[in-house]
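Engineer: Here is what each chain is made of, one letter per residue.
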Amino acid sequence: MTISKKVILTGSFGVGKTSLFNQFIHQKFSDKYLTTIGVKVNKKSLKVNDEEISLLVWDIAGEVTQDKVPTSYFLGASGVVYVIDLSRPLTFEGIKTDIEYLKKLLPGGIVKVVGNKKDLLTEDEIEEARAQIKLPIDIVTSAKTGENVTALFTNLAEELL
Amino acid sequence: MSLKAKNTNRKVSNFHQIVLLDEKGSVLESCNSIFNTSEFKGTNICDHFCFLESEFETIKNNKSNKIAFEKMQTEHPSLPGYYDFVFSRSIIENETCLVWDIFDYTNVYEEYIKVQQLKNELDIQKQFLSLKESPLHKYSSKGFFQTEYLANTNAEQSGKIDDLITSKYDILDLQKSSGKTSNKFLDLEHLRDNLEILTEEISKFIGCVKEGEAEEFEIRKTIDNELNNGFKESSHKKVVYYSEDLPKSLKMSKDVLTQIFALLCRDESTQQLYINTSLDVGYNKKDADKHFLTVNYTEQIDSPQPFSQNLSMRVIKISVLRSLVDMIGGSLVPNSDVKKGAFNIFLSFPVK
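For the protein sequence lines, the chains are S and Y, in the order given. Every letter in the first sequence is one number past the one before it in the numbering used here, and letter 74, counting from 1, is 82. Every letter in the second sequence is one number past the one before it in the numbering used here, and letter 21, counting from 1, is 737.
Pairs of lysine-lysine residues, derived as DSS-like cross-links and limited to a Cα-Cα distance of at most 25 Å, are as follows: (1) S:36 with Y:830; (2) S:76 with Y:830; (3) S:51 with Y:776; (4) S:112 with Y:779; (5) Y:776 with S:112; (6) S:120 with S:104.
Hints were generated in silico from the structure; no laboratory data involved.
Based on the sequences and whatever the hints tell you, model everything.
Structural biologist: Following this line, the structure appears as structure tokens:
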């Protein structure tokens, strides 16, 4: 039996949520930035610990702060992937407030903090960015190269089971 | 076009569809004004739409309030585009069912995307500009961030773009609330500079009203006639002289203006003037050398008709009214009360 879980991709605009979404669902990446408005939903099944899990991924339009995202989008969500762009400090400036807000909105839900655009930075620069961020990053990804994208969703799926 | 879903008394237009679902997610009935649900007969509709699969339990367990999802993008071949979805419960023929209201705002949201894209790109550029003083300034996005464009964008230009974006959003909100997304009358290109609308712009958007839609707004014919016939004496037998800076297309008699205002204050579904609307031309005792056209407009706000089909159209019309009044140099004074919206329009015409 397949278990379905709703996962929300959220974060500031231009951090690469849709790129992560497309990389995870379709294994595709485009350099061209295309704004998302509202929400786009797709699903992908993963096999985790011999169990089939279907992740229903909601790619939500980026807002500077999370309280601007319609709360209806979060209804019934089991996990949230909060994406930041490691090369743009403004995208993680309000991270603490945002994560608190999300945890309040989804008590018991799993929230993952993802540092995206790894391909644009050196290891030292990533560490420099980490030092500036007020919360620990769960995983550093590159939607462009696909690095850690599957790992992100697989880890999340494991925790959701 | 107006359609009705069987078993409901709700009117829908061609951008709105009502789908009735049972507790298992099967389609009970649909007015099929946007997409044909017959292909889903006997199946669970949640299997066809991802968002429904994840939301159905929540929707089903929701016994009281409506649940709304704005700006949902679907790639399903039967329903491609951008929609607002509203889910609620309703009792039809003594049985409870789930009501899925679908509003097709694809055209409007595609415009939103263009505006949002511009805004986001601009904001990102600003963020990178500010990074020059930051320890992270050396980082640069190789993706969508266009350094050349950034180098050529100064603060003044940014301000102008910000203003443009703000005004575009206003227009888009207006356009969306109209519920008539394909109406040329509401075309973004013709309304985006609404705040500084010029004579040419008026002519343009009036010219855009299709023949089929002209029934609703017969302004063009009226204005054309007036322009072709030249200026007339008003019915009050006073020669009206317009100031030189008044746009040519607005140099018409008060009768024509009155007619235009009447059209704009008319309920498009009943073709009747709104409640307590009165139009009058007269003198102000204190200012006897001027004519005043006064429009007193009052109506109930809790209209029985759906917002998108009635009130919002009035919003559009009032916006046009406002533009006209501004151009003529008149004033529009709100005078609202509980459950009533009212305003007075004062226009003055110097008379000889």
